[in-house]
Amino acid sequence: MLNDFEAEQAILGSCLTSDRALDTVLSSKIIPEWFYDEKHQHIFRAIRKAQKSDIVLIKTALEKEGKLKEVTLYYLTALMESALPSTVNEHIKRVNERYISRFVYELCVNTKSDLENGTFSNEAIDRIETELMVISDNRTTKPEAYDDIKFKAFEYLDEIESGRSPGIMSGIDQLDELTAGFHGGELIIIAARPGHGKTSFALNTSMRARTPMLFFSLEMQKKSLATRIIVSSSQIDAHKARSGNLNKDDWKEINAALGNEYPIYIDDGVNLNISEIRAKSKRFIKSKKIKMIVVDYIQLLSSGKKHESRRVEVGFLSRSLKRLALELDIPVVVLSQLNRANTTRHDKTPQLSDLRESGDLEQDADVVMFIHQDWMYNYDRKDEDKARDDVAEIIVAKQRNGALGKFDVQWDGPTMTFSNRDFDYGN
Numbered sequence: 001m002l003n004d005f006e007a008e009q010a011i012l013g014s015c016l017t018s019d020r021a022l023d024t025v026l027s028s029k030i031i032p033e034w035f036y037d038e039k040h041q042h043i044f045r046a047i048r049k050a051q052k053s054d055i056v057l058i059k060t061a062l063e064k065e066g067k068l069k070e071v072t073l074y075y076l077t078a079l080m081e082s083a084l085p086s087t088v089n090e091h092i093k094r095v096n097e098r099y100i101s102r103f104v105y106e107l108c109v110n111t112k113s114d115l116e117n118g119t120f121s122n123e124a125i126d127r128i129e130t131e132l133m134v135i136s137d138n139r140t141t142k143p144e145a146y147d148d149i150k151f152k153a154f155e156y157l158d159e160i161e162s163g164r165s166p167g168i169m170s171g172i173d174q175l176d177e178l179t180a181g182f183h184g185g186e187l188i189i190i191a192a193r194p195g196h197g198k199t200s201f202a203l204n205t206s207m208r209a210r211t212p213m214l215f216f217s218l219e220m221q222k223k224s225l226a227t228r229i230i231v232s233s234s235q236i237d238a239h240k241a242r243s244g245n246l247n248k249d250d251w252k253e254i255n256a257a258l259g260n261e262y263p264i265y266i267d268d269g270v271n272l273n274i275s276e277i278r279a280k281s282k283r284f285i286k287s288k289k290i291k292m293i294v295v296d297y298i299q300l301l302s303s304g305k306k307h308e309s310r311r312v313e314v315g316f317l318s319r320s321l322k323r324l325a326l327e328l329d330i331p332v333v334v335l336s337q338l339n340r341a342n343t344t345r346h347d348k349t350p351q352l353s354d355l356r357e358s359g360d361l362e363q364d365a366d367v368v369m370f371i372h373q374d375w376m377y378n379y380d381r382k383d384e385d386k387a388r389d390d391v392a393e394i395i396v397a398k399q400r401n402g403a404l405g406k407f408d409v410q411w412d413g414p415t416m417t418f419s420n421r422d423f424d425y426g427n
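Counted the way this note's numbering counts, the sequence shown spans residues 1 to 427.
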């Protein structure tokens with residue numbers, strides 16, 4: 001059975017006659033598409049606009065949309081006679097079940113058609129998983145009493161106090177002290193201009209953490225990222241590796257580095273969209289118990305939908321990634337480009353306003369940090385300290401649950417490695 005006409009009528013009638021039932025319906029995750037009957041979809045949209053159990057307001061909303069001829073005032077009155085406010089929750093469940101049944105049925109029909117028309121099975125499987133993620137968005141959550149939640153908070157604080165921090169550490173001491181690591185539910189933005197080390201920093205963190213994580217690369221191939229990991233792990237010169245000028249000692253270091261196991265899972269799908277990232281992340285949470293997700297980088301990510309502008313789309317992506325972090329209860333680290341505004345200023349230090357294409361990145365993020373290598377803008381070397389190409393600055397420009405700060409770290413360009421700076425260097 002793919003629809004329940006009576007349950008749809010009962011929900012709409014209850015909304016028309018009872019403010020309490022209306023509040024129950026509007027606070028659920030019900031959407032117009034749950035209703036099979038197109039008239040019912042129009043009525044529910046009008047009810048959402050009116051926000052009151054007032055047939056006059058709902059009639060006006062339908063008139064504005066040009067739908068009153070389809071619906072008619074007589075039908076609205078008939079719906080009021082179908083009202084069952086006391087059992088509206090049960091009707092919501094029934095309508096949702098029918099909506100899911102239709103969704104799955106249409107997915108099966110479309111998949112059958114795709115396979116008959118030559119779609120590869122692995123593509124069909126990915127599409128099925130991606131589409132089914134839409135259904136999981138409709139799950140409802142229940143309020144939980146503080147008296148129940150407080151014990152979870154106590155356990156969390158006890159873990160931190162005993163040194164069993166639930167955060168994933170970057171291996172950069174000053175950053176870890178400032179943030180206490182990257183925590184479940186957090187959206188962390190790591191932003192920089194091209195060439196300042198965003199990908200290297202994310203890989204270095206992944207390597208040091210030694211905990212399962214999923215790395216979505218929209219810019220580099222798997223083998224390129226694996227090469228970076230080997231270069232950083234073996235501490236050989238990346239340029240020598242790329243140009244084929246490795247000596248015997250270098251190869252010994254590489255062979256030794258191959259013995260290091262890092263539970264990093266890399267997906268280099270260049271056309272990845274947010275639904276696919278969500279589907280694959282949920283799959284790897286179950287199969288590989290991943291503890292962190294990295295997306296490199298957001299400006300290359302697609303929403304899979306049409307938006308009025310790229311700025312609006314990036315905002316949609318940032319909210320979706322934040323929701324993913326909350327749902328999976330793991331940190332989601334998102335790399336981001338900066339716009340060129342800092343290059344036109346005398347002081348090249350990045351600012352939050354430099355985040356490219358969307359201010360929503362700043363709003364949605366729990367942590368925003370910049371990587372800044374000032375030597376790139378000081379080729380004349382008049383400022384000796386800023387001219388050093390082995391120093392990078394980390395700037396924590398936003399932290400929802402902690403302090404802000406900035407500090408220098410060691411940057412080894414040849415091996416693409418960030419590390420704690422030796423503060424006695426050169427003294």
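One should not assume that every hint holds.
Stated by the list, open to error - Each computed SDA-like pair below joins lysine to any residue, with the alpha-carbon atoms no more than 20 angstroms apart:
#, residue 1, residue 2
1, 305, 33
2, 93, 37
3, 222, 288
4, 59, 38
5, 406, 326
6, 49, 61
7, 305, 288
8, 39, 86
9, 289, 326
10, 52, 36
11, 348, 405
12, 59, 45
13, 406, 419
14, 93, 77
15, 112, 129
16, 150, 132
17, 282, 129
18, 69, 89
19, 291, 405
20, 406, 342
21, 306, 234
22, 305, 218
23, 69, 57
24, 289, 419
25, 223, 258
26, 69, 38
27, 222, 238
28, 286, 329
29, 59, 83
30, 240, 227
Simulated from the structure, these hints should not be mistaken for lab results.
Against the structure shown, which of the earlier numbered hints fail to hold, in ascending order?
5, 7, 8, 10, 14, 16, 18, 19, 21, 24
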